[in-house]
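Novice: Could you put the whole structure together from the sequences, leaning on the hints where they help?
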Amino acid sequence: MTTLKVSDLHVSVADEETKATKEILKGVNLTMNTGETHAIMGPNGTGKSTLSETIMGNPKYIVTKGDITLDGESLLDKTVDERARAGLFLAMQYPAEIKGITNSEFMRAAVNATRPADKPIPIRTFLKQLDHNLDVLNMSADMAERYLNEGFSGGEKKRNEILQLMTIKPTFAILDEIDSGLDIDALQVVSKGVNEMMSPDFGVLMITHYQRLLNYIHPDQVHVMMGGRIVKTGDDSLAKELERTGYAGLRAELNLDVDLVDEDVPAGNGGR
Amino acid sequence: MPKAAVLKKDPALLESSKFASEPQWLTDLRQRAWSKIDDLEMPIFAKINYHSWPLLNLTADPGINMSIPQTVVNESAAYQFASVGQIVAKAKLSEKLIKQGVILCDLATAIKEHGDLVKQFLFSKAIHFDEDRLTAANAALVNGGAFLYVPDDVEIDEPINLLQFQDSRQTTNFVNHTLIVAGENSRFKVLQRLATVGETENPAHVMVEIVAAAGSYVKFSALDSLAAQTHSYINRRGYLDRDARIDWTVGLFNDGNTVADFDSDLVGVGSHTEMQTVAISTDRQTQGIDTQVTNYGAHSEGNILQRGILLGASALVFNGIGKIIKGAHGSKAQQENRVLMLSPKARGDADPILLIDENDVIAGHAASVGRINQDQLYYLMSRGLTKEVAQRLVARGFLGVVLSDIPMAEVREQMIAMIERKLVNGQRTE
Numbered sequence: 001m002t003t004l005k006v007s008d009l010h011v012s013v014a015d016e017e018t019k020a021t022k023e024i025l026k027g028v029n030l031t032m033n034t035g036e037t038h039a040i041m042g043p044n045g046t047g048k049s050t051l052s053e054t055i056m057g058n059p060k061y062i063v064t065k066g067d068i069t070l071d072g073e074s075l076l077d078k079t080v081d082e083r084a085r086a087g088l089f090l091a092m093q094y095p096a097e098i099k100g101i102t103n104s105e106f107m108r109a110a111v112n113a114t115r116p117a118d119k120p121i122p123i124r125t126f127l128k129q130l131d132h133n134l135d136v137l138n139m140s141a142d143m144a145e146r147y148l149n150e151g152f153s154g155g156e157k158k159r160n161e162i163l164q165l166m167t168i169k170p171t172f173a174i175l176d177e178i179d180s181g182l183d184i185d186a187l188q189v190v191s192k193g194v195n196e197m198m199s200p201d202f203g204v205l206m207i208t209h210y211q212r213l214l215n216y217i218h219p220d221q222v223h224v225m226m227g228g229r230i231v232k233t234g235d236d237s238l239a240k241e242l243e244r245t246g247y248a249g250l251r252a253e254l255n256l257d258v259d260l261v262d263e264d265v266p267a268g269n270g271g272r
Numbered sequence: 001m002p003k004a005a006v007l008k009k010d011p012a013l014l015e016s017s018k019f020a021s022e023p024q025w026l027t028d029l030r031q032r033a034w035s036k037i038d039d040l041e042m043p044i045f046a047k048i049n050y051h052s053w054p055l056l057n058l059t060a061d062p063g064i065n066m067s068i069p070q071t072v073v074n075e076s077a078a079y080q081f082a083s084v085g086q087i088v089a090k091a092k093l094s095e096k097l098i099k100q101g102v103i104l105c106d107l108a109t110a111i112k113e114h115g116d117l118v119k120q121f122l123f124s125k126a127i128h129f130d131e132d133r134l135t136a137a138n139a140a141l142v143n144g145g146a147f148l149y150v151p152d153d154v155e156i157d158e159p160i161n162l163l164q165f166q167d168s169r170q171t172t173n174f175v176n177h178t179l180i181v182a183g184e185n186s187r188f189k190v191l192q193r194l195a196t197v198g199e200t201e202n203p204a205h206v207m208v209e210i211v212a213a214a215g216s217y218v219k220f221s222a223l224d225s226l227a228a229q230t231h232s233y234i235n236r237r238g239y240l241d242r243d244a245r246i247d248w249t250v251g252l253f254n255d256g257n258t259v260a261d262f263d264s265d266l267v268g269v270g271s272h273t274e275m276q277t278v279a280i281s282t283d284r285q286t287q288g289i290d291t292q293v294t295n296y297g298a299h300s301e302g303n304i305l306q307r308g309i310l311l312g313a314s315a316l317v318f319n320g321i322g323k324i325i326k327g328a329h330g331s332k333a334q335q336e337n338r339v340l341m342l343s344p345k346a347r348g349d350a351d352p353i354l355l356i357d358e359n360d361v362i363a364g365h366a367a368s369v370g371r372i373n374q375d376q377l378y379y380l381m382s383r384g385l386t387k388e389v390a391q392r393l394v395a396r397g398f399l400g401v402v403l404s405d406i407p408m409a410e411v412r413e414q415m416i417a418m419i420e421r422k423l424v425n426g427q428r429t430e
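Chains as they are written, first to last, in UniProt numbering: chain A, 1 to 272; chain B, 1 to 430.
Hints should not be assumed to be uniformly reliable.
Under the rule of at most 16 angstroms between Cα atoms (straight-line distance), these lysine to aspartate or glutamate pairs were calculated in the EDC-like manner [unchecked claim]:
| no. | chain 1 | residue 1 | chain 2 | residue 2 |
| --- | --- | --- | --- | --- |
| 1 | B | Lys119 | B | Asp28 |
| 2 | A | Lys99 | B | Asp405 |
| 3 | A | Lys60 | B | Asp375 |
| 4 | B | Lys3 | B | Glu41 |
| 5 | B | Lys119 | B | Glu199 |
| 6 | B | Lys387 | A | Glu82 |
| 7 | A | Lys99 | B | Asp375 |
If you're looking for bench data, these hints aren't it; they were derived computationally from the structure.
Specialist: Written as structure tokens, this is what we have:
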């Protein structure tokens with residue numbers, strides 16, 4: 001079993017123009033083990049994406065206090081590629097488009113990044129796995145030969161993130177709003193891909209606005225984030241409760257002093 | 001005028017360039033060009049200073065090595081034409097193409113066997129011998145090259161591949177001239193692969209003329225990888241008649257200093273060119289690339305795309321020139337010049353130059369000199385690729401946009417390998 005632990009994490013970002021820093025995360029605590037599925041829900045602007053990018057090691061986010069550890073070893077001084085090779089994966093909300101590199105050569109390079117230089121994955125083995133994964137995700141074979149995310153629709157990009165997840169097989173995957181912009185059919189396909197990954201050696205952290213994703217990927221734990229902290233943790237009944245009461249209701253219940261971007265809108269509507 | 005830009009006019013040099021028993025018209029052409037060399041200026045390319053390079057350091061006593069290296073023999077398998085310096089290693093067209101009247105041979109043979117055809121097009125449509133000192137030097141001293149003629153209405157699916165080596169196994173002159181004539185409504189692809197054998201320091205003068213008759217469509221691609229010790233001048237020019245089209249895709253991967261002049265003259269109504277060039281400069285190398293489209297014909301269209309990467313302390317200048325002549329109504333000239341800097345010590349330039357003398361035209365440009373996109377780098381690294389590998393992938397992707405336009409798989413692989421090698425070497429010295 002592997003454990004990813006976030007303790008008392010404080011994170012700031014610098015405004016690109018004014019250079020003024022602003023604290024987004026104000027003491028997040030979270031412990032996940034492999035074999036578990038966690039979901040983080042919360043209103044817009046509460047720091048959910050900041051948390052996922054910080055765990056992955058995006059240099060734009062500055063950790064001012066606290067720690068992130070993998071089996072007790074701090075990740076903070078590791079670069080994003082080192083964290084990826086250590087077993088972390090982030091399915092991004094807005095993956096970059098890169099012309100001139102095909103999807104399949106990129107994924108092969110990524111798979112080989114965790115293997116010894118003199119032992120790359122045999123091409124046939126790689127292609128066989130790729131074909132299988134494309135099939136699970138209802139993706140046509142030519143998607144693998146297209147340039148990386150170049151000209152992909154929003155839905156195709158999300159599928160492509162899951163395709164990479166299935167191909168790279170990390171220890172922990174963070175799915176940052178993998179459901180946004182997906183219709184029900186696409187959501188089912190993407191969920192199928194994630195569910196196929198489930199094993200005692202794999203853990204998932206889903207970030208979402210929507211309770212509906214949790215109908216397809218069942219979480220063991222649901223965390224609600226507000227104002228840069230996790231304010232409540234429960235099982236998947238918590239997601240359903242939020243659906244009824246909205247974040248404003250939870251705020252009142254917990255007597256929190258945080259601003260909500262969108263007041264009085266139930267979370268079931270995606271917080272909009 | 002720097003001494004390097006002056007040709008030492010030894011009559012033995014002119015004599016040594018002549019083909020065996022060449023016709024009088026060619027000897028006359030040489031003589032006229034020879035006598036003008038001193039009066040003509042070196043060509044001027046904005047921001048490209050190459051005047052101190054030993055481009056005119058030609059020898060009056062060139063050595064000729066008749067043997068063909070085994071590597072050339074091996075590599076020539078996929079080509080219809082192969083040469084090492086002045087020696088022809090291969091010239092072989094399929095029976096089918098020969099029956100259709102297609103001609104492919106070295107320039108000396110063409111002048112002997114197809115003299116009227118060559119005379120009609122050599123230095124007469126695309127490049128003129130008296131444009132500047134370098135065109136005159138090429139006309140006077142041409143000592144090798146290829147000739148490809150595709151008759152009217154002939155369409156060829158398979159690309160015609162030319163492999164031309166500069167022979168630097170000894171001190172000699174490489175003054176190469178390839179003439180490509182596309183008959184009316186012909187369609188074909190040509191690939192020119194240019195490289196060096198040997199370690200001696202010799203300049204390279206390479207010219208390609210493509211004369212595209214009405215309605216023809218030529219897809220020309222080239223991969224250049226001349227040696228580090230070679231200073232090169234490369235001039236590729238298209239002359240396009242009515243509704244003709246030439247698509248150029250050039251990978252400039254020379255290891256030595258290079259000045260390149262790529263032009264298309266859109267003479268005919270409705271003619272069209274796409275000119276793509278990608279280049280990498282490394283170490284202390286300087287490369288200046290001047291790509292020009294001149295719209296003479298109404299409704300003609302010319303688009304330029306240039307992309308380059310700089311490493312080490314190198315310099316790379318891309319000039320993109322869109323020139324629209326009065327009378328070219330409804331013509332279009334677009335260009336995009338992009339330079340990616342992978343080293344703080346390198347110097348890159350992307351200069352769009354629009355010279356427009358007509359009103360109802362569409363012309364535009366985009367230019368950028370930038371560093372690697374950090375979001376792309378982060379994305380690749382988030383999948384476990386090291387920074388170096390991610391950088392190389394982004395850089396390769398940046399240049400790789402032209403790969404699909406190169407018709408030979410072997411040459412595509414060579415280009416990828418060259419990009420990789422140059423990037424790895426460049427990263428090592430950072």
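Novice: Tell me, in ascending order, the numbers of any earlier hints that this structure violates.
Specialist: Violated hint: only 5; rest satisfied.
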